[in-house]
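Q: Residues per chain, in single letters:
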Amino acid sequence: EDQVTQSPEALRLQEGESSSLNCSYTVSGLRGLFWYRQDPGKGPEFLFTLYSAGEEKEKERLKATLTKKESFLHITAPKPEDSATYLCAVANNAGNMLTFGGGTRLMVKP
Amino acid sequence: NAGVTQTPKFRVLKTGQSMTLLCAQDMNHEYMYWYRQDPGMGLRLIHYSVGEGTTAKGEVPDGYNVSRLKKQNFLLGLESAAPSQTSVYFCASSTDSIGQPQHFGDGTRLSIL
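Quick note, the sequences are listed as chains A and B, same order. Here my numbering is used: the first residue of the first sequence is 54, the next is one more, and so on. Here my numbering is used: the first residue of the second sequence is 360, the next is one more, and so on.
Accuracy of the hints is not assured; some may be wrong.
Unchecked claim - Cut-off 25 Å, straight-line C-alpha distance, at most; resulting in silico cross-link-like pairs (DSS-like, lysine-lysine):
# : chain 1 : residue 1 : chain 2 : residue 2
1 : B       : LYS368    : A       : LYS132
2 : A       : LYS132    : A       : LYS112
3 : A       : LYS116    : A       : LYS132
4 : A       : LYS95     : B       : LYS368
Unchecked claim - Cβ-Cβ distance ranges computed for the label pairs, FRET-style:
# : chain 1 : residue 1 : chain 2 : residue 2 : range
5 : B       : MET378    : A       : LYS121    : 22 to 30 Å
6 : B       : GLU411    : A       : GLU109    : 35 to 43 Å
7 : A       : HIS127    : B       : THR454    : 45 to 53 Å
These are calculated hints, taken from the structure and not from any lab test. Treat the numbers as computed from the prediction; the structure is a model and nothing was measured. Glycine included, each C-beta is placed from N, C-alpha and C at the ideal position.
This is chain B alone, in the form it adopts within the complex (with noise of 0.2 Å):
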């Protein structure tokens, strides 16, 4: 049972490219985060979504896109990476409310150079 799946666990990018992280999560979970975890700032949510087809904005969206075309796997896209987009991105999924336990992938670690 591999839970919530993040891909790739390391990437370094030069400013103004762009990528995608991949979210994938095998609990039939309804709901799906992405957070950035920076030194001293503790965790902070990007985007989440409530369901299959939609997306919301969380504390820190800008510079980021989302997509949920499947239930099963939530994208975290950057147009065009900026220094301070260096960070850890996890990305979580809770059953069917925000009252439920999130559960967490192992994480993405970013450096834009």
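If we strip away everything but chain A, and leave its shape as in the complex, we get (with noise of 0.2 Å):
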């Protein structure tokens, strides 16, 4: 069974501190790990794909990286407007389910 563990919970910035969120996941062949921001009220919003462990992509102030066991999504010098909970997930090559973690809430307080 896939399973995916975000960390932490919850973060809160000062605008300008960086920091990095963790995404850990035991799939059975990974078909690829994807990152979403959610807004209040709102759906999650695509933000990368990663297939292959040392792949990273970059948006903005966000850049996320995979390895084997785990994904990072780093926020560099965050804006207030960079607030939101980000959720990661996971696909297998067997089936056609998406495995997501709890997601990190993040603030950044200006």
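Grab the two chains, each in its own frame, and use the hints to assemble them into the complex.
A: Structural data, given as structure tokens:
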């Protein structure tokens, strides 16, 4: 059974204070690892897909990295508008389902 | 470009009532999904469809039925609502495989009294 664990559950940062969110996973053959951002009252918004260990992707202040056991979402010099819940999910080679982690709620104070 | 649209946005039901949630996508995606999101449980897959006329069970299918009569629409039905089905329901779609990113609607907030 695929499992995804995200840590920390909540993270408070000052504006400009860089940090990382962790996504640890176990999967029977990784098809892809996905990062989403979810704002209150909204659906998840796609950020990145990573397909193999060593892969990295960037978008503005966000950078996602992948190893065989975990993924990190690095946030550089965050702004208050980066405040949201960040979700990680994995897809395996055998099926048609994503397994989601519980998310990390990020709060960036000005 | 609307993307994924869910109706209604909010609904309150009494135990035992039935209802249908509608999801429509305008991206010509093959795959569609229904999830529920509960505090502390994350997103869990209820049912999914890999194409028009097909449906399959996800992680938590009991108490729900689905239909995909048209490629752009995916319906989620509750035949006899129970308080345990109080949740936020999200629909998503993706192009042609689980390896592609899913695009989500903004959810239906359902309360069962």
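Q: Would the hint linking LYS368(B) and LYS132(A) be met if the CA-CA limit is 25 Å?
A: Answer violated: LYS368(B) to LYS132(A) is near 30 Å, above 25 Å.
Q: Does the hinted range 45 to 53 Å hold for HIS127(A) and THR454(B) at CB?
A: violated (28 Å)
Q: Given the hinted pair LYS132(A) and LYS112(A), is their alpha-carbon gap at most 25 Å?
A: holds (14 Å)
Q: For the hint 22 to 30 Å, verify it against the beta carbon of MET378(B) and that of LYS121(A).
A: Violated, since MET378(B) and LYS121(A) (Cβ atoms, about 44 Å apart) do not stay within the stated range.
Q: Holds or violated: LYS95(A) with LYS368(B), Cα cutoff 25 Å?
A: The hint holds at about 11 Å.
Q: Decide if the proposed pair is consistent with the structure: LYS116(A) and LYS132(A), CA atoms, cutoff 25 Å inclusive.
A: Status holds; Cα separation ~15 Å.
Q: In this structure, is the beta-carbon distance linking GLU411(B) and GLU109(A) contained in 35 to 43 Å?
A: Holds, since GLU411(B) and GLU109(A) (Cβ atoms, about 37 Å apart) stay within the stated range.
Hints 1, 5 and 7 from the list above are not met by this structure, while the remaining hints are.
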